[in-house]
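This is what each chain is made of:
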Amino acid sequence: MSDSDYEHDDEDKDNDDDEPDYLSDPDDEFFDQVEPVLKPPPGLMAKEPRGPMGYLDFKFTCIGPDELMSRMHDIVKQVNAIFELPPCTTRILLSHFNWDKERLLERFYDGNQEKLFKDAHIVNPFRQARVPVGNSTILSVDVICDICLMETSHKQLEGLECHHLFCIDCWRNYMRTRIEDSGNALAIPCPHGKCDILVNENIVYRVMQPFPDVIRRFQYLSAQTFVQQHKLMKWCPSPGCTFAVEANSTRGVPVMCNCGYRFCFSCSSPAHEPVSCKYFQLWVKKCEDDSETAHWIHANTKQCPKCKATIEKSGGCNHMVCRNVNCKADFCWVCLGPWEPHGSSWYNCNRYNNSNAKVARDGQAQHRQALERYLFYYNRYVNHMKSLKFEDKLYAQIEVKMRDMQKLGLAWIETQFLKQAVDSLCHCRNTLMYTYVFAFFLTKNNHSILFEDNQRDLEMATETLSEYLERDINSDSISDTKVKVQDKSTYCERRRQVLLDYVYEGYESDIWEFNMM
Amino acid sequence: MAGGLPKRILRETEKLLSEPVPGIDARPDENNARYFHVIVNGPKDTPFESGKFKMELFLPEDYPMTPPKLRFITKIYHPNIDQLGRICLDTLKDKWTPALTIRTVLLTVQGLLSAPNPDDPLANDVAAAWKANETKAIATARQWTRIYAQV
Chain A
1 MSDSDYEHDD EDKDNDDDEP DYLSDPDDEF FDQVEPVLKP PPGLMAKEPR
51 GPMGYLDFKF TCIGPDELMS RMHDIVKQVN AIFELPPCTT RILLSHFNWD
101 KERLLERFYD GNQEKLFKDA HIVNPFRQAR VPVGNSTILS VDVICDICLM
151 ETSHKQLEGL ECHHLFCIDC WRNYMRTRIE DSGNALAIPC PHGKCDILVN
201 ENIVYRVMQP FPDVIRRFQY LSAQTFVQQH KLMKWCPSPG CTFAVEANST
251 RGVPVMCNCG YRFCFSCSSP AHEPVSCKYF QLWVKKCEDD SETAHWIHAN
301 TKQCPKCKAT IEKSGGCNHM VCRNVNCKAD FCWVCLGPWE PHGSSWYNCN
351 RYNNSNAKVA RDGQAQHRQA LERYLFYYNR YVNHMKSLKF EDKLYAQIEV
401 KMRDMQKLGL AWIETQFLKQ AVDSLCHCRN TLMYTYVFAF FLTKNNHSIL
451 FEDNQRDLEM ATETLSEYLE RDINSDSISD TKVKVQDKST YCERRRQVLL
501 DYVYEGYESD IWEFNMM
Chain B
1 MAGGLPKRIL RETEKLLSEP VPGIDARPDE NNARYFHVIV NGPKDTPFES
51 GKFKMELFLP EDYPMTPPKL RFITKIYHPN IDQLGRICLD TLKDKWTPAL
101 TIRTVLLTVQ GLLSAPNPDD PLANDVAAAW KANETKAIAT ARQWTRIYAQ
151 V
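If you read the sequences in order, they're chains A and B.
Start counting the first sequence at 1; every next residue gets the next number (my numbering).
Start counting the second sequence at 1; every next residue gets the next number (my numbering).
Careful, some of the hints might be misleading.
[Claimed, not checked] Mimicking DSSO-like on lysine-lysine, the simulated pairs with C-alpha atoms at most 27 Å apart in a straight line are: (1) A:115 to B:52; (2) B:44 to B:7; (3) A:278 to A:115; (4) A:389 to A:419; (5) A:194 to B:7; (6) A:389 to A:286; (7) A:194 to B:136; (8) A:393 to A:419; (9) B:93 to A:194; (10) A:194 to B:52; (11) B:52 to B:93; (12) A:118 to B:95; (13) B:54 to B:15; (14) B:93 to B:75; (15) A:101 to A:77; (16) A:407 to A:286; (17) A:59 to A:77; (18) A:118 to B:93; (19) A:194 to B:15; (20) B:7 to A:155; (21) A:419 to A:407; (22) B:7 to B:69.
[As the list claims (entries may be wrong)] Have a look at the derived ranges for each label pair, beta carbon to beta carbon: (23) B:111 to A:209: 37 to 43 Å; (24) A:100 to B:49: 49 to 55 Å; (25) A:296 to B:111: 54 to 60 Å.
None of these hints come from the bench; they were simulated from the model.
Quick reminder that beta carbons are idealized off the backbone N, C-alpha and C, glycines included.
If we strip away everything but chain A, and leave its shape as in the complex, we get (with noise of 0.2 Å):
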């Protein structure tokens, strides 16, 4: 496929009907397979702003911290329609399942229970008798707490189900010791040293009642562990937020926090379509490594052929003779060979076939070559992320072109498109920046072409469209800029979709292959 069959129409007529035409090109190789690929479904195109790219069956809600705790009541109050258990049981229950209904009922109907009830260290409330725990009458005289050994009048005397009383004194150390220190306030164990039945929430709020802060921490550890024990939610990992996001799916996909941050919700690492978890992890890895190091000494040094030093050609002559003093080999730095059959010819080596010279070349230039195609992508990846980092500055022009235009009239709504663009701008940019690592592990075949196609239509409308918003606004009238800025950054979020569209397809009807690398 050449080049000219993509360049028509990026710059000119950039407008909506345009742009499929030329993908459905009946002349084109790979219209067959294309077609079904880029027409994404009409809903799709409506949508904004875009939610997760690609699974369109796909749906996620951010969730505030005080909201948390009512999802988590939620949840045992259904469970508890149907069990009618007390709600701090219900709550251990379900906390041992990783808040899993459904395998819970599943246990608490196939399984026996009171295996069930062991392995999530609670007394079988079907068992126990109904008798409030604080406050059972069965003697007045004192009796000796097992903690401090101090003695206590009974009706001072806490304790869970299982009945293992201690002075509510040395009840409240223990809990707050426990809050403060512990990071799962659902797994605090009963003070007895051979009990494991869990401390529940109703006998934190009876002992704690005159201290706020303990309570306070108690609950803020029971959210945090409610999410980090539901596979279908995430914190979102940016830095003082303090919401959650809740999906329905564990799939790799990009989602948005209410604080505008965008992040993997599989891995929690920032937003990186279209590559996957896996490959990224690869890629950061394969950044952060030494293995780059070596390569660039494999790629631009050799080998003494006799002692194996790693040497580096320091002037003209290609006669070397190794530093090393037990070696001090003669050889040529062109052909690796042994430097006496060279005799005189200082310079220009002509003895290309020496077989073992062959090898040592070889081996060097595919180091060379792995080296320059990690740069090549490498480059490009960094590339897109430094100008991410300035379009910071860019939102900060435009914010002061935003206001120049309201001072010349316009309403603060006419204005808002620069900042849109902007953030199309940023979106295009990150994608960009990803379908670098994505490219980087594919291997080449009729797919990847189309995906290097598509790729390019985005980075040139994307740089068009940088250009516009940092050079281009003030030459033009307002109506003009507008429509053009608009134009194009609806047609940079389509390129965008289309591309993203393009690899998690691919991703479904596995026609991606990988290389490891």
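For chain A, the structure is supplied; the task is to place chain B on it using the hints.
For chain B alone, coordinates are given in the frame of chain A:
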């Protein structure tokens, strides 16, 4: 708890002195009632037999809500005890509950001497040696007991 010693510590100390754990001598420091000098006799039929192992035990401010701090002073060749005498024992960490006492902790330590657990090591090199060649490791432990654990 400013000044006075909690009743729990007083009671435990009294009990330790009046009914000592067999094979363990634990007495509080003259100047600090929260610091205990402990001597554990190596259990019979173990490489630590006939050794007398000095330990120190300290009850932190929030004892018994937090566990006592315990350390071997005498050098000992044991997969769960490191060079500094620190002990890998779950009851001294996350399995601690306030219903446990100095007595129960010391009993557990005695138990650890009887049954070293190289699968959950603190001193990695000792544990590795223990797993590679138990007979040799036991011989080393016996030798260390003879050299270092004689009071």
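Checked hints:
no.	hint	in the structure
1	A:115 to B:52	violated (45 Å)
2	B:44 to B:7	violated (35 Å)
3	A:278 to A:115	violated (38 Å)
4	A:389 to A:419	holds (16 Å)
5	A:194 to B:7	holds (23 Å)
6	A:389 to A:286	holds (22 Å)
7	A:194 to B:136	violated (37 Å)
8	A:393 to A:419	holds (12 Å)
9	B:93 to A:194	holds (15 Å)
10	A:194 to B:52	violated (30 Å)
11	B:52 to B:93	holds (25 Å)
12	A:118 to B:95	holds (18 Å)
13	B:54 to B:15	holds (20 Å)
14	B:93 to B:75	holds (22 Å)
15	A:101 to A:77	holds (11 Å)
16	A:407 to A:286	violated (51 Å)
17	A:59 to A:77	holds (24 Å)
18	A:118 to B:93	holds (23 Å)
19	A:194 to B:15	holds (21 Å)
20	B:7 to A:155	holds (21 Å)
21	A:419 to A:407	holds (17 Å)
22	B:7 to B:69	holds (19 Å)
23	B:111 to A:209: 37 to 43 Å	holds (40 Å)
24	A:100 to B:49: 49 to 55 Å	holds (52 Å)
25	A:296 to B:111: 54 to 60 Å	holds (57 Å)
Going through the hint list in order, the structure does not satisfy hints 1, 2, 3, 7, 10, 16.
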